Amino acid sequence: MGRGEGTKRRGGYRGITGPAVISVMLCLAALPQSANAGTVINPPPQAEDWSALAKLPDWSGVWTPNITDQDRRIETDPMPWNKAAAAQIAKLEAAEQAGDPKGLFVNCLPEGMPSWMLITHNAMEFLFTPGRVTILGESDGNRLRRIYTDGRAHPADPDPTFHGHSIGHWEKDTLVVDTVGILPEAYIAVSEAVGLPNGGDLHVIERIHLDKPDMLRDDLEVIAPHRLTRPWKTSRFLFRQRARKYDIVEGVCLQGNYSEATDASGNAVFVPVPQTEGGNTLPPTTESDKPR
Amino acid sequence: MKSISLRSLAVLAAMASLTLAWPAMAHHSFAMFDFSKTMTVKGTVKEFRWTNPHVALLVEFAPQPGAPPEVWSMELTSPGNLTRSGWSRHSFKPADRIELEFNPLRDGKHGGAFEKATFLDTGQVITSNLRAAEKPGLQ
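In order, the protein sequence lines correspond to chains A and B. Position one of the first sequence corresponds to residue 1 (the working numbering), numbered consecutively onward. Position one of the second sequence corresponds to residue 1001 (the working numbering), numbered consecutively onward.
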């Protein structure tokens, strides 16, 4: 920048040099954002915010789902599908029973809400930090829920996401979570083979608490006006594990579509593996892949 | 130039056919396996893929006595879940000789759901049952 460039000669800043303008801009940038009217900030947590976390119930450890109970509740807590949805569900159930399941998640997009909570076979963990509870999952790479407990409201028009926008508050030792803003394409899943996109306007209310010292219970209420005839209530259970072999590991769903190989230059690379339409891996001999 | 273009087209066509034949699919239900049918075979491990969301074990065996050997792909749950069952990415290595029990794909393709393997050289047995680990405080 040459001398004098940046001086606004017609607008009233006559005489202010370019470097001076830059200095002022730098000073403005250094000011706290709260100085800018209308900007809401996340304030830095204070010591009392951190110490308050110690008064919350202990949800540390890794939590593994009770899959047998998930399966049982398909019969005991059936979803109140509306007529149009029930017809589609019946077809999906028939396909599954015939051994030709239409996999809902074979494209490796996230299970999202509420399906992650309903049908996962994988572990999850809960992190408490000031103003937030974070749930981290395993196996499909993007299992992550941010639940804001800082008193904020939902945005007026949230961008739809797989896991939606979640706000929570504590009622004694129960975390009450309210989730909206979920993509209409996100499934309400009975299983990995049966379920329907929620169709929009989905609202999920959860009450999460320790049912026993090492058993976490998630009481869910799913309000899906385009799919269900009434709010659907169900529960899911998780077991606490503390052995280190239960620590959450990285999971990238799409990695299963590749095997490790070495290219002509000696680089470690991924190469696609053959699969069926249903997502099953097949041996790398195309001739033998043909049905007998 | 013409031959190069044709070759490029051929490569593109091959890539397209691969894409069609091998869609990007993985995270699936297990209903396509016939759990009423268990196949027991003796074979050799060709490859062990320790990947999400389903670990794969490729095994070569003769489906009938005297028949030419075929490679079949066995599917399991995720590395995280298998680690908790005592598995590791070293549980199998190429050339391991095993007796394998699995539930085959219903459509006759060369895949199955892993049930159990016995190492023929050591007698060690390895299984995978996620639902057997449904309680807290597991070691």
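Hints listed in this document are in silico derivations from the structure and should not be mistaken for laboratory results. The reader is advised that the hints may include incorrect statements.
Selected chain B positions facing chain A (Cβ under 8 Å, derived; list incomplete) [said to hold, decoys possible]:
| id | residue |
| --- | --- |
| 1 | A1031 |
| 2 | T1038 |
| 3 | T1040 |
| 4 | T1044 |
| 5 | P1053 |
| 6 | G1111 |
| 7 | E1115 |
| 8 | E1134 |
| 9 | K1135 |
| 10 | Q1139 |
Since this is a predicted model, take the numbers as computed values, not measurements. Backbone N, C-alpha and C fix where the C-beta goes; we use that ideal spot for every residue, glycine too.
Quiz item: Any of the earlier hints contradicted here, and which numbers?
Solution: Those not satisfied are hints 2, 3, 4 and 7.
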